[in-house]
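Order-wise, the sequence lines are chains A and B. Residue numbers for the first sequence follow the numbering used here, beginning at 1 and rising by one. Residue numbers for the second sequence follow the numbering used here, beginning at 1 and rising by one.
Careful, some of the hints might be misleading.
As the list claims (entries may be wrong) - Below, in silico cross-link-like pairs of lysine-lysine (DSSO-like), each with a Cα-Cα straight-line distance of 27 Å or less:
1) Lys504(A) x Lys349(B)
2) Lys219(A) x Lys262(A)
3) Lys597(B) x Lys355(A)
4) Lys170(B) x Lys456(A)
5) Lys167(A) x Lys262(A)
6) Lys355(A) x Lys456(A)
7) Lys42(B) x Lys508(B)
8) Lys167(A) x Lys210(A)
9) Lys446(A) x Lys340(A)
Derived by calculation from the structure, the hints in this document are not laboratory data. All of these numbers come straight from a predicted model, not from anything done at the bench.
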Amino acid sequence: MSLIGALNIGKSALAVSQAAIQTTSNNIANAGNADYTRQVANITPNRDQQIQQGIFIGTGVNLASVTRQIDQALESRIRASVSDDESASTTESWLSRVEATFNELTDQDVSTQLSTFFNSWSDLANKPQDIGLRQVVIQNGQTVAQSLQDLRGQLTSLQDDIDQQIKALTGNADSLAQQIADLNGQIVAAQGGAAGTANGLLDQRDALLKQLSGLVDVKTVDQSNGVVDVYVGSQPLILGTDNRGIEFDQEVVNGNIETSIKCKETGGTFKVESGQLGALTAVRSSVDDVVDNVNSLTSNIIFELNKVHASGQGLQGFSSTNSTNLVDDATVALTNSGLKFAPTTGSFVVHVTNKLTGLTSSTLVQVDLDGANGNDTSLQSLAASIDGIANISASVSGGRLNIDADSSDVEFSFSQDSSGVLAALGVNSFFTGTDAHDIAVNDSIKTNPSLLAAAKNGEPGDNQTALAIAGLETTSLASLNGQTLEQMYQRMVNTVSTSASASKTSADAAANVRQTLEAQRQALSGVSVNEEAINLITQQRAFQGAARLISTIDEMMQTLLAIQ
Amino acid sequence: MAILPLQLARVSNLLQTQVTQSTIAQTQEQLLQVQNELSTGKKLNLPSDDPGQAAIAQQIRKLLEQRQAYSSNLASTNSKLGEVDTTLGSLSDLIRQAQTIASANVGSDVSDDARQSAASVVDALYNQLMSLGNTQFDGVYIFGGDRSTEAPFVENNGGVEFVGTGTVLKNVVDENASLPFMANGSDIFGAISSRMEGTADVSPSLTLTTRLSDLRGTSGDGVRLGSIRLGNGSTSLTVDLSHADTVGDVITAINNAGVGSITASLSPTGMGIQLTGGGADNISVNEVGGGTTASDLGILQTSGAGAGNSVVGSSLRAEVTLLTPLANLKAGAGIDTAGLIITNGLTTKTIDLSTATTVQDMLNAINGSGAAVRAEINSAGTGINILNPTQGTNMMIAENGGTTAADLGVRSFSPSTQLSELNSGLGVRTAAGPDIQITDSNGVQFQVDLDNLNTVQDVLDAINTAAASAGAGVTAGFSTTGNGITLTDTAGGAGTIDLQAQNFSNAKQDLGLTANAVGGVITGSDVNPIDPGGIFSHLGALRDALRTSDLAAITQAATGLQEDYDRVVRIRGQNGAQVQEVQSRQQRLDDQNVTTKALLSQLEDVDFTDAVSRFQTLQTALQAGLQTSAQVLNLSLLDFLG
């Protein structure tokens, strides 16, 4: 045991205290940095020295490591919770935008407009010959058509917004992935291949991983050399220092635009289930469902109303009319000719009225669509049957059926269509179009409200068709499996509002989980300035002690040297 | 509010700030929510605020919206029926006035001049009646039925023709309830009476193209389409008939099913469907899933019919439609197409039906003949009505050498006519003892007593019996072209057949046998013309009787007017009851709306007391949060180190 040895102990204590104070300073400096992980200087005593047999004496202190106070399992749970939280809050905000397009529980929503429209038919039944009431029906019909078109338009532009967002966020995710891959390289270089303590870089990488989790739900695998591999679903996104890339892709499948998130390098689709991107793809497809529902509701309104309307008569008959729905092939059965609405086997009556005598002759036109005997009705054969009726002629041009009276003294009308063929072709129809993208009130009715059919028995003052249409909204329909149009609409709105409400609840829950986990992380890894102040005092005292030790030994050495 | 689980070992500075931030943020968010509730007055601002309650609220809103239609329909109905009531009031006053004039002028002390001036008053009433019948309300002729675009009563053919319809339009006034909003003009003015409706059931037989919607089915409720289970004792199959449109479709579907060798066809009578199988087929037909298709089609056979036996379906009761072929009428027997001779007022038209093939052709031929009559299918779809819509003219429908009128049951005068109906209900006025004496061309005379006879045929029989017992060559018969009794001389003598009244009996003219013999035949006239009666007829008759001072006719017109008065008062009473119903429904609807709106308000509107107290609580919480955080975050050990 020598004084020099003691001096060395003092020296090691000074160095270690300085390092500890530096760690503490670093902690205090980062007290406000949420991504920072509290570091602790681990101090170990130096190896003992045997000065006599069985007697050991300490040789000072050594700085073993400066480590981050971190729970890796907790970190990965936090990443999952960040994914879920971002997913839930994104879902909530977008679904509430979807919900807002319906504008329900106000007096301007589609359901109110539908009521107003059907109520105007009921009003028309009070005075079927009134042109003013007919105009009201037409006006309300246009409002309904416009609202349904707007609804669909708003939903599809919402989808465009979502696509833009997905595109931007995919770019973010890719650049984050690149930074992580780069950091992987720096960490390996800094730590020299060993699982060491490049704490600052590790903190940076953890922060980036958390940001990436907010976008995509990732799984991480730590490798022994310090790199972390990142997987999305079962596919790797980052392997070591290689970022395989993440990109946005859109393709048209069956006329619908479908979006997906793909790997740049392999072109494989990432299965993103959570995070902002997961939420956006899910919301996008649920908006698809809503658009489908709006289209299907609109189709049903068009076809069901037209079926009733096509069998009714206006204040005057037609002198000429064209079908509004095109067929692709006029020579094949109407069921296969590309009509959106399918007619069935049945028949309808054509009334031809001589305006001079007031006498009407009626002819039954059969529609055979049973698929048997090879004699199914095509547009051509239908035109031929109608053409066979005295005083009117029918032809097919450009996939449309044209019916014309042979002279200006003759007009014609239709009734009792059990086949739905008139509505399917768009003859004597109220609405034109096939779904929410092109629903409109028939132009010929707009220009001549007398053609609006309120009657069922051909008398100008009859209101039976108007009554039937007025009750249509609350009539249970076979084509909707016994539902009414009203119920169909309500169910659609309820589905949207229920999922919006559920997303609110799950967003709250996810935020709560995230907060709890982050609180746990803060409890372990966060910096407490008070604690650090205490540490600082301890370390300061240790430094002071070590300095005093050196000065004492110095005095001792001088004492020795003074012996003369 | 979510509270963090704070069983934590240490508290870092960041944790403190994070917790403070999140609690303050949450409290503020909730405050905003309450603030929004308080400022809008609604607790449901978006359906997702509470989807369950929102769904109910939406339904209630829909209900209220629908009730707007009911309410406006009720208001419209109320004003229209009110107008009807006012018009009926004026109408009954008018009839009362005419009756007063009639009774004042029936006495023998009234001078002809006085009657002439009374006649001009009645004429003014007549014109007033026209304008009452053509009353317009809001641009609609209220007595026109569904032909309300044109005046329903027009002067035509020497009378007043009703060109409206008896249809009474209805509108919906509640879920599953509708009320008429007009009155039947033909009922009120007596424009059409049952006397003119076809008496024959001409229900047609089926054809393969008969539409199922035109069948009343065995139950009378139509054919409700679904599936049937067809079996032959060993196998059975479900045959889907839900897409069938015609009888032919049903038959084809059963034949295509190919159960054993069962085939379907029209039954021998043509009124139903028949199933025939091979010798081994024990045919059974059952319903599927609680349907009624098999029974509606009349071929329900729950236990097998026995091997080799056919199932003959009962009548499907097809309705007469415009498109029904004439040959199928009367259960397939068809009707004679020789045609009709229709006389209405001064017009006589012969209607040839030899080229007509469908009911529509026949109706168009009659309606387009210019005889000012209206032919239509009756509302039950079982017969044809030929109506005289003109008050003040007489209509007669006769055969044109065939049996068309009899087949349709529309012949106005025939051997089966009751004597009591003749001459507008005056009947045949007989006297005690023989009523007529007939002399044949050989001078053989016989007398006939026509007391206590019922029908025209009874008269013919009585004459023929008397002629035979007297050995006279006279045959009584009925015209085959035109309507009337014929007396044909078969004696072939030099004289002329002759008929004289006996004992001052009126039977001769009451039977229409006033014409002289032509070519040995006395041809009688139609003494059973059809006049719709009604107010216009009676008022016109009163006017004419006053002009001619025909006291008997004045009395008869007054009697008719009394009937009219009673009818108008009765209809006014019914109308009044309807007005009351409309008003009570309106009242009830208003009451219901109040309750429903209260319910909606409960669901949608905010409870202010509750919201304000929540607001207070949250405000306090926020204040506490801000204060505690301000103090906690300020504390630091560093402040205490010297």
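Right, here's what the structure says about each hint:
Distance restraint check for lysine 504(A) and lysine 349(B): the Cα-Cα separation of roughly 83 Å exceeds the 27 Å cut-off, and the hinted pair is therefore not satisfied. The straight-line distance between the Cα atoms of lysine 219(A) and lysine 262(A) is roughly 17 Å, inside the 27 Å bound, and the hint therefore holds. The straight-line distance between the Cα atoms of lysine 597(B) and lysine 355(A) is roughly 52 Å, outside the 27 Å bound, and the hint therefore fails. The hinted pair formed by lysine 170(B) and lysine 456(A) meets the criterion: a straight-line CA distance of about 14 Å does not exceed 27 Å.
Between the alpha carbons of lysine 167(A) and lysine 262(A) the distance comes to roughly 11 Å, so the proposed pair stays at or under 27 Å and holds. Proposed proximity of lysine 355(A) and lysine 456(A) is supported: the alpha carbons are some 19 Å apart, at most 27 Å. For the proposed pair lysine 42(B) and lysine 508(B), the alpha carbon gap of about 90 Å is over 27 Å, so the pair is violated. For the given pair, lysine 167(A) sits about 20 Å from lysine 210(A) by alpha-carbon distance, which is consistent with the 27 Å threshold.
Straight-line distance between C-alpha atoms of lysine 446(A) and lysine 340(A) comes to about 23 Å, which keeps the hinted pair within the 27 Å bound.
Violated hints, listed in ascending order, are 1, 3, 7; each of the other numbered hints is respected by the structure.
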